[in-house]
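Please take these sequences and the hints and turn them into a complete structure.
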Amino acid sequence: MADPGMKVTIAGVTLKNPVMSASGTFGNGQEYAGFFDLSGLGAVVTKGVSSVPWEGNPTPRIAETPSGMLNAIGLQNPGIDVFIERELPFLAELRKKGTRVIVNVCGHSVEEYLSVIEKLRDQPVDLLEINVSCPNVKEGAIAFGQDPKMLESVTRACKEKAAQPVVMKLTPNVTDIRTLAQAAEAGGADAISLINTLTGMKIDVERRRFLLANRTGGLSGPAIHPVAVRMVYEAAHTVRIPVIGMGGVASGTDALEMMLAGASAVAVGTATFHEPCAMIRIRDEIRDYLVRHGIADITELIGAVA
Amino acid sequence: MYEKREVTARVEKQESLTEDVRELILETELADDAMPGQFVNLFCGDGARLLPRPISVCDTFMGRMKLVYRVVGAGTAELAALRPGDTVRMVGNLGNGYDPRTAFGKNVLVVGGGLGIPPMYYLSRLLHALGMRGGAEAPASLTMVLGYRDQASTFLHRAFTGFGKVVFASDDGTIGYRGTVLDAIRAEEISCDVIYACGPLPMLRGLASFAEEQRETEKDIKCYVSLEERMACGIGTCLGCVVKTKHEDAHSRVRNARICTEGPVFDSAEIAW
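Chains as they are written, first to last, in my numbering: chain A, 1 to 306; chain B, 307 to 579.
Derived from the structure by calculation, the hints contain no laboratory data. Remember, it's a predicted structure, so these values are computed and weren't measured experimentally. Mixed in with the good hints, there may be bad ones.
[Stated by the list, open to error] Derived contacts from chain A toward chain B, CB cut-off under 7 Å, selection only:
| id | residue |
| --- | --- |
| 1 | G27 |
| 2 | T59 |
| 3 | P66 |
| 4 | Q76 |
| 5 | G221 |
| 6 | P276 |
| 7 | I280 |
[Claimed, not checked] Derived DSBU-like pairs (lysine-lysine); straight-line CA-CA distance at most 35 Å:
| id | chain 1 | residue 1 | chain 2 | residue 2 |
| --- | --- | --- | --- | --- |
| 8 | B | K552 | A | K202 |
| 9 | A | K119 | B | K372 |
| 10 | A | K202 | B | K550 |
| 11 | B | K471 | B | K412 |
| 12 | A | K119 | B | K552 |
| 13 | A | K202 | B | K372 |
[As the list claims (entries may be wrong)] Covered stretches of chain A (in silico footprint by chain B; criterion: 3 or more residues with CB under 8 Å from a CB of chain B, positions within the stretch not fixed):
| id | region |
| --- | --- |
| 14 | 29 to 41 |
| 15 | 52 to 58 |
| 16 | 106 to 119 |
Where a beta carbon is used, it is the ideal one built from N, C-alpha and C, also for glycine.
The structure is reproduced here in structure tokens:
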């Protein structure tokens with residue numbers, strides 16, 4: 001049998017395969033270039049970029065949990081100007097090899113999101129992922145993602161300003177993910193991605209202290225995968241726009257589960273911390289599965305379990 | 307500059323140095339280019355423990371790397387169970403390490419406290435070798451001050467003999483001076499141009515102010531400290547392990563330098579203590 005088709009399309013942008021990095025776990029790619037050939041990825045999703053440099057939270061920012069981890073980085077980043085000047089040229093080169101570039105945009109206010117989006121208008125970027133779901137930043141971010149009306153209006157504002165298709169990244173810290181998925185769609189989103197981290201807390205019993213300086217942090221890793229699959233399923237069966245699935249994907253099987261639940265592509269995050277080349281292994285495991293099951297094209301699997 | 311890389315190392319041997327401190331000898335190509343002050347990230351076999359355990363390099367010799375670590379939790383307990391012939395997945399060599407050029411022609415003081423001692427062994431050995439070679443690169447002198455909790459918790463304490471003058475300090479006085487490494491430094495009236503230190507934060511902070519005092523009174527002494535913080539990736543992407551600095555950091559330009567990448571070794575005058 002011929003090589004199975006691995007291409008998927010999100011909002012008119014075709015990816016050579018459905019595997020991409022999850023924002024915040026891959027820097028802007030350069031640090032991993034020594035570990036594997038980044039052009040093997042469908043897309044690179046950048047660390048969140050804000051309009052001005054963000055300091056992030058105090059340390060400790062990281063805590064390990066069973067089959068997962070908590071983080072409360074607080075979106076430390078150098079801001080859009082440094083990003084364009086220093087980080088984007090590397091990604092632009094990668095883009096020439098067919099790996100798509102998705103910039104994750106964060107902000108404390110609608111104006112801040114729009115200022116980043118505006119500056120990316122003429123840049124070599126394929127998609128914008130709008131972070132309305134970070135649990136570790138006090139103003140903006142998650143507040144925009146938990147209220148359907150707010151989410152719809154932020155989405156609409158971003159869409160009006162954006163030159164590239166807009167993906168709204170949703171938080172699982174809501175009562176009903178379907179309502180939020182619908183709100184993003186109503187605001188004109190070209191796609192949605194989910195799930196961001198689940199808000200958690202860990203206490204050092206011996207010292208009787210919070211492990212994270214921020215007290216709460218976002219839980220990621222295999223521990224959250226079943227929650228993510230359920231939410232991807234619910235969202236994908238509620239809206240017509242494509243869904244990018246993420247949350248604890250650490251194997252080809254995990255990725256395929258996401259796709260069967262309705263995801264058109266899959267992002268891999270925390271697994272990279274455990275295994276720098278995890279994404280390439282996951283891509284290969286997906287391909288092996290297709291061969292083993294005689295499936296000619298991966299798109300046949302999207303939402304196939306209904 | 308060598309690339310950071312993921313390797314599978316083979317365990318040559320492992321022994322107990324104290325009740326909870328272990329010495330692990332690994333056969334790995336990372337030994338070929340590891341510098342003192344750098345660290346490696348060891349992965350647990352149990353996939354439920356996702357994050358690597360960062361451990362500083364204690365020594366390298368003939369394709370072997372020596373790691374000395376304390377068993378503090380389930381992850382390090384798993385490492386402690388490794389036997390000869392077992393393999394362990396790791397990423398290295400990480401961080402900047404100490405820059406030997408800052409020791410050329412200088413009176414050097416190396417300070418290690420507790421689990422901060424292992425990387426100082428590697429550094430002291432290389433500085434001593436530099437001294438034996440002579441010439442402009444040789445340090446003018448090498449003094450080492452090692453701090454322990456008590457006599458029972460000592461490890462590697464004999465290994466430094468032969469590199470230069472070794473001074474001990476312990477909390478209860480059962481080995482060397484009773485008190486902190488700084489108490490020992492003052493008691494011995496140790497004079498130096500450059501300090502290299504690794505150990506608990508209060509110790510490093512104390513040495514940083516000691517260097518600062520010296521700078522105010524008489525001479526321009528430098529103090530380089532190795533810091534630690536909880537981290538995830540170890541290669542500069544997650545921004546988990548930052549430390550507040552006095553000047554803009556290289557990555558985010560917000561005075562939050564990455565310990566895994568810009569560090570772990572910093573000029574103490576750069577840290578916003």
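Each hint, compared with the structure:
Look at A:G27: its Cβ gets to within about 3 Å of chain B, closer than 7 Å, so that hint holds up. The closest approach between the C-beta of A:T59 and any C-beta of chain B is roughly 5 Å, which is under the 7 Å cut-off, so the hint is satisfied. The closest approach between the C-beta of A:P66 and any C-beta of chain B is roughly 5 Å, which is under the 7 Å cut-off, so the hint is satisfied. Because the beta carbon of A:Q76 sits about 5 Å from the nearest beta carbon in chain B, less than 7 Å, this interface hint is met.
With 7 Å as the threshold, the beta carbon of A:G221 comes within range of chain B, its nearest partner Cβ sitting at about 5 Å, so the hint holds. For A:P276, the interface hint holds, since its Cβ comes within 7 Å of a Cβ in chain B; the closest pair sits about 5 Å apart. Nearest Cβ of chain B to the Cβ of A:I280: about 12 Å, over the 7 Å cut. The hint is violated. For the hint pairing B:K552 with A:K202, the CA-to-CA distance comes to about 31 Å; that is within 35 Å, so the pair holds.
The hinted pair formed by A:K119 and B:K372 fails the criterion: a straight-line CA distance of about 50 Å is larger than 35 Å. A threshold of 35 Å between alpha carbons decides the hint, and for A:K202 with B:K550 the separation of about 24 Å falls inside it, so the pair holds. Distance check on the hinted pair: B:K471 and B:K412 sit about 15 Å apart at the alpha-carbon level, within 35 Å; holds. Distance restraint check for A:K119 and B:K552: the Cα-Cα separation of roughly 30 Å lies within the 35 Å cut-off, and the hinted pair is therefore satisfied.
At most 35 Å may separate the alpha-carbon atoms for a hinted pair to count; A:K202 and B:K372 meet this at roughly 33 Å. For the region 29 to 41 of chain A, the stated coverage by chain B is satisfied: 4 residues place a CB nearer than 8 Å to a CB of that chain, which reaches the threshold of 3. Counting residues of the region 52 to 58 of chain A whose beta carbon lies closer than 8 Å to any beta carbon of chain B gives 4, which meets the minimum of three for the stated coverage. Counting residues of the region 106 to 119 of chain A whose CB lies closer than 8 Å to any CB of chain B gives 0, which falls below the minimum of 3, so the coverage claim is violated.
In summary, the numbered hints that this structure violates are 7, 9, 16.
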